[in-house]
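2 protein chains.
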Amino acid sequence: MITVEQARALLFDLVGPLAVEEVPLSRANGRVLAREVTAQRDQPPFDASSMDGYAIKTTEAQKDSMFRVIGESAAGHGFAGTVKAGEAVRIFTGAPMPQGADFVVIQEDVSRNGDLITISDDPGTNPNVRAAGGDFRAGTAMSAPRRLRPQDIALLASMNVARVPVTRKPVIALISTGDELVMPGEEPGPDQIIASNTFGLRAMLEEAGAEPRVLPIARDSHASLETAFDLARGADMIVTIGGASVGDHDLVGEAAGNLGLKRSFYKIAMRPGKPLMAGRMGDAAMVGLPGNPVSAIVCGYLFLVPMVHAMLGLGAHTPALLTARVKGDLGANGPREHYMRAVVKDGVATVFDNQDSAMLGVLAVANALVVRPPNDPALADGAEISYLPI
Amino acid sequence: MITVEQARALLFDLVGPLAVEEVPLSRANGRVLAREVTAQRDQPPFDASSMDGYAIKTTEAQKDSMFRVIGESAAGHGFAGTVKAGEAVRIFTGAPMPQGADFVVIQEDVSRNGDLITISDDPGTNPNVRAAGGDFRAGTAMSAPRRLRPQDIALLASMNVARVPVTRKPVIALISTGDELVMPGEEPGPDQIIASNTFGLRAMLEEAGAEPRVLPIARDSHASLETAFDLARGADMIVTIGGASVGDHDLVGEAAGNLGLKRSFYKIAMRPGKPLMAGRMGDAAMVGLPGNPVSAIVCGYLFLVPMVHAMLGLGAHTPALLTARVKGDLGANGPREHYMRAVVKDGVATVFDNQDSAMLGVLAVANALVVRPPNDPALADGAEISYLPI
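Protein chains in written order, with my numbering: chain Y, 27 to 416; chain D, 27 to 416.
Don't take every hint at face value.
The list makes no distinction among identical chains, and a pair is therefore deemed to hold if it is satisfied within one copy or across any two copies.
Here are the simulated DSBU-like cross-link-like pairs (lysine-lysine), alpha carbons at most 35 Å apart as the crow flies [to be verified]:
| id | residue 1 | residue 2 |
| --- | --- | --- |
| 1 | 353 | 83 |
| 2 | 288 | 110 |
| 3 | 300 | 89 |
| 4 | 300 | 83 |
| 5 | 288 | 89 |
| 6 | 89 | 110 |
| 7 | 371 | 89 |
| 8 | 371 | 353 |
| 9 | 110 | 371 |
Keep in mind that the hints were calculated from the coordinates and are not lab data.
With the hints as extra help, turn the sequences into a complete structure.
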């Protein structure tokens with residue numbers, strides 16, 4: 027058996043960044059920018075007023091000065107002429123500064139009488155002008171890779187980047203295996219249960235940025251598994267759930283082996299989680315998850331999501347852990363790294379007593395997996411622990 | 027002018043939870059569960075083995091006991107008969123316990139010879155049986171409201187809830203206003219800029235769980251604004267961006283007023299952000315955001331996202347703030363609540379020097395808005411500050 031960290035390193039070896047595709051800006055949020063893009067123009071594209079007021083020359087920006095208003099500059103409609111000594115242009119926030127003017131007296135500091143204005147209060151020294159290119163210049167780059175957020179989308183729009191190069195979403199085939207499984211909405215027989223992992227993992231992978239495809243449930247036979255693997259062709263990753271060791275036979279491993287699986291590893295020293303196997307199968311990475319619902323979901327967070335991130339070009343990273351203080355005592359951990367369901371609130375982690383890997387109910391009320399290293403000694407109330415938020 | 031908190035309270039008055047709709051489980055992740063749902067069955071539906079081994083009677087679970095193997099119980103295929111004294115059934119993880127058996131000797135503790143097995147090691151006292159209903163019972167409820175996560179989806183599947191009652195997504199019409207705006211991909215005139223807020227807010231609202239609809243840009247005329255408001259009919263919320271005060275005229279306010287806007291408030295004492303107006307307009311809530319890119323996005327996080335959450339039935343909540351230590355000194359704050367762009371890393375907040383509300387570039391590299399209360403005194407390096415992660 028190998029450690030969680032060793033397993034993740036081997037899993038990262040199975041995948042790499044996918045190709046780049048272009049999407050319209052309206053579909054780019056949450057996608058991963060695949061390569062640097064550059065602004066198509068300066069922003070602002072011209073010196074712009076940052077206030078409503080009157081554009082004049084700085085040299086004349088003094089209390090009691092008088093000006094003749096010769097025109098108006100509004101957002102979208104600049105003033106075509108030039109401002110000379112003793113002249114002012116009515117100007118609004120965001121509007122282009124007229125030629126010859128480099129100062130905006132705010133309207134609150136001005137009294138107006140027809141076409142004449144007088145600066146009635148000290149106009150100060152702030153010119154209230156946003157310089158052309160002050161936000162960014164044409165050619166300014168947005169660096170990649172990065173997961174695009176709403177504010178990045180706004181900036182890309184502002185840069186006039188209408189089509190965005192992003193990493194293609196990894197296609198992940200999900201194959202649940204087992205004679206005992208039926209799909210939600212079906213009527214299970216007395217010995218059957220509902221396939222729950224497929225749906226949980228599908229949601230998780232979609233959230234992570236992948237394009238999951240749920241395949242028909244594979245039954246516990248070579249023929250059925252081979253059909254499923256066949257349907258998975260074209261996927262970037264194939265994930266089987268359950269059946270990694272079905273009693274006396276490792277049916278999934280055998281079927282995958284027959285189809286050319288180059289096995290990278292088989293078991294990981296972790297709870298919940300083993301068995302888990304992985305390797306290359308043709309052009310795809312193949313990961314075999316345990317069938318216990320909690321094990322499958324925990325392995326999803328620990329291994330599949332980081333693999334998706336790697337395929338999206340975000341790099342091969344260990345999921346970031348946070349720290350909290352444990353509530354109550356925790357017994358010593360055994361030789362396997364243990365991911366314990368817990369609720370973290372206000373920096374305090376309450377670990378559930380029942381860590382049975384079949385208990386989905388406990389997982390659904392948890393918001394954290396507290397990480398216990400192998401052979402971690404017993405912890406007293408208040409001890410610092412690391413956890414993965416889920 | 028009113029405070030941010032007063033504004034949010036008034037905004038919450040404009041919206042309420044929307045109707046319930048049913049979606050298939052495969053589309054339910056990230057949606058808000060609108061009402062309690064209950065498990066359709068026990069899980070496990072039967073006493074199930076938690077290990078691979080042999081099912082026997084507890085009374086006979088002793089080292090050196092011998093048994094005749096009378097059949098097999100696998101996942102999906104239970105054993106139909108009854109286990110009597112001196113008998114064992116080969117059993118696999120997750121398989122139903124046969125009648126008469128209540129203990130599973132793990133296979134590692136057994137030596138087998140044809141149909142006969144002998145317990146070769148101390149089998150311990152753990153029966154390795156998961157009791158029927160141990161995870162949940164038929165009728166066990168998943169409480170609402172809650173934003174469904176992957177582990178909730180897995181649990182719902184396991185409960186055999188194939189269609190999920192969720193709150194309808196609020197439809198939000200986005201109207202950018204201004205003669206100076208063109209859409210990304212268009213060729214702007216010399217006095218024009220690209221409409222960036224629409225795209226940023228669209229991404230933000232979609233992420234928050236709404237269904238944003240981008241309407242054509244409204245020009246700075248009553249006719250154009252009325253056309254846009256007309257196109258917005260049927261939306262749960264109408265958001266205008268920019269033009270809340272265009273020079274001498276409050277065109278958006280006037281046009282909205284002509285169409286029946288019942289104004290709730292007009293300005294908020296915050297930076298960046300004012301002017302911002304809000305009210306009811308027919309069946310819809312109406313919010314007018316400032317046109318400065320940063321102001322619009324910040325107002326989106328502070329006001330629109332909480333309003334979406336309220337419409338989704340998650341309650342009327344102030345966005346949750348985190349705390350960090352400020353790096354370097356920060357000057358005293360003025361009379362308006364200030365949301366300062368910053369980068370928070372390892373608990374330390376580095377606040378950008380340039381807080382100009384037109385600087386999208388600064389927003390796109392920020393991951394936090396540090397909150398300065400009105401008249402907050404100057405802060406020394408290391409002082410604790412609150413921030414909103416973005």
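Hint check:
In this assembly of identical chains, the alpha carbons of residue 353 and residue 83 never lie at most 35 Å apart, being 67 Å within a copy and 39 Å across copies at closest. Taking CA atoms no more than 35 Å apart as the test, residue 288 paired with residue 110 passes in neither setting, with 79 Å inside one copy and 45 Å between copies. For the homomeric pair residue 300 and residue 89, the shortest alpha-carbon distance between copies (28 Å) is at most 35 Å, but the shortest distance inside one copy (79 Å) is not. In this homomeric assembly, residue 300 and residue 83 come within 35 Å of each other (Cα to Cα) only across copies, at 28 Å, whereas the closest approach inside a single copy is 75 Å.
Taking CA atoms no more than 35 Å apart as the test, residue 288 paired with residue 89 passes in neither setting, with 82 Å inside one copy and 41 Å between copies. Within a single copy, residue 89 and residue 110 get their C-alpha atoms as close as 18 Å, which meets the 35 Å cut-off; across copies the closest is 107 Å, which misses it. Taking identical chains as interchangeable, the C-alpha atoms of residue 371 and residue 89 are never at most 35 Å apart, the minima being 58 Å within one chain and 47 Å between chains. Proximity of residue 371 and residue 353 under a CA criterion of 35 Å is satisfied in both settings, with 11 Å inside one chain copy and 26 Å between copies.
In this assembly of identical chains, residue 110 and residue 371 lie within 35 Å of each other by CA distance neither inside one copy nor across copies; the values are 64 Å within and 50 Å between.
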